[in-house]
Amino acid sequence: MTIVSLLSRFAPVWLAALLIVLALPAQAVVRDVYSFDTEEKQQRYQTMIIELRCPKCQNQNIADSNSPISEDMRDEVFQMMTSGASDVEIMDSLVGRFGEFIRYKPLVEKRTLLLWATPAISVFGGFLIVGGIVLRSRRNDQIDSELSAEERARVEKIMDGHSGKSDSQT
Amino acid sequence: MKRVLLFLPLLVALVLGVLLFSGIGKDPTKLDSALVGKAVPEFALEDLHRPEVQLSRQVFQGEPRLLNVWGTWCPSCRDEHADLMWLAEDEGVPIVGLNYKDQRAKAKAWLERLGDPYSTNVYDPKGSLGFDLGVYGAPETFVIGADGTVLHRHVGVVNKQVWEETLRPLLNQAGGRY
Chain A
1 MTIVSLLSRF
11 APVWLAALLI
21 VLALPAQAVV
31 RDVYSFDTEE
41 KQQRYQTMII
51 ELRCPKCQNQ
61 NIADSNSPIS
71 EDMRDEVFQM
81 MTSGASDVEI
91 MDSLVGRFGE
101 FIRYKPLVEK
111 RTLLLWATPA
121 ISVFGGFLIV
131 GGIVLRSRRN
141 DQIDSELSAE
151 ERARVEKIMD
161 GHSGKSDSQT
Chain B
1 MKRVLLFLPL
11 LVALVLGVLL
21 FSGIGKDPTK
31 LDSALVGKAV
41 PEFALEDLHR
51 PEVQLSRQVF
61 QGEPRLLNVW
71 GTWCPSCRDE
81 HADLMWLAED
91 EGVPIVGLNY
101 KDQRAKAKAW
111 LERLGDPYST
121 NVYDPKGSLG
131 FDLGVYGAPE
141 TFVIGADGTV
151 LHRHVGVVNK
161 QVWEETLRPL
171 LNQAGGRY
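Protein sequences appear in the order of chains A and B.
The end of the first sequence is residue 170 by the numbering used here, with every number in the run present.
The end of the second sequence is residue 178 by the numbering used here, with every number in the run present.
It is worth saying that the hints were derived from the structure and are not from the lab.
Just so you know, not all the hints are guaranteed correct.
[Said to hold, decoys possible] PhoX-like mimics (lysine-lysine), calculated; alpha carbons at most 20 Å apart, straight line:
1) B:K126 <-> A:K56
2) B:K126 <-> B:K108
3) A:K56 <-> B:K101
4) B:K30 <-> A:K56
In this text the structure is predicted, and so the values were computed from the model without any measurement.
I would like the entire structure built from these sequences, with the hints used as guidance.
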């Protein structure tokens, strides 16, 4: 029995196994639900946990991460919010513990200036390069058309001679 | 002017090269503690062995120490345990333990079985002091100055190399003699 026929014979088994594996992540997402007294607080909470980065699983925000530390951080945001703290206060208290790292939107300060300026710098640089290319090609056009009458006559003479020569060859 | 411009790509490559090269070998999962230079946060937690004793940040007064965050649920803590024993017994380093999100009975059984390298053990079942310290994964080891100031945080396992290269010099700078 060849491998191919073996595989096709057990195809239903393979498919079932694949489906089970694919279905697993859907079960893994279990979210603790906090209820707020106002819709506005709920909104603030959502925005806040999206802007906070998980220190353990570094490319996730604490809204998406289910690591224990993210749970604790969500809990702290909830507790502080229900006790009436402002967004800035909550942010400062968490940054005071875990460092600037957990801000997905870093503050504009000396250390992060280059980071914030990079988009502007690259757009400006791009404009400079494009502008330079356009300017140069324009200047080249002008130089081409600025032939004196004498030069023009010479060009025509050369071109004539050239075409005559190639004619005679054919 | 054109000649100078020809060197532009070389210059860009050099700058990028230096920038990227400096990042090689850095572990992005090891973050500096936000508490470096600040005092250990206030806390009131029980002693692991004596529930009737309330511990506060006074335990850090007097001499520079290590603060080791551990738990029986943490495999890497098992890994570094032998080295902590060595530090405590052979080098005589005072290590304050922070038993983080653990159960008292389990923690005590672990110390009985493997040995107890800690001079004091703070019992923090809810992880409140851990949270205030910005602990995001045990094991973590802090160097605490004689006045209770956080001097350094090491994330991950402590071994002889980490001791020699990082912890020992910092403790000695803070007035320790090891």
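Please write out, lowest number first, the hints stated earlier that are contradicted by the structure.
none
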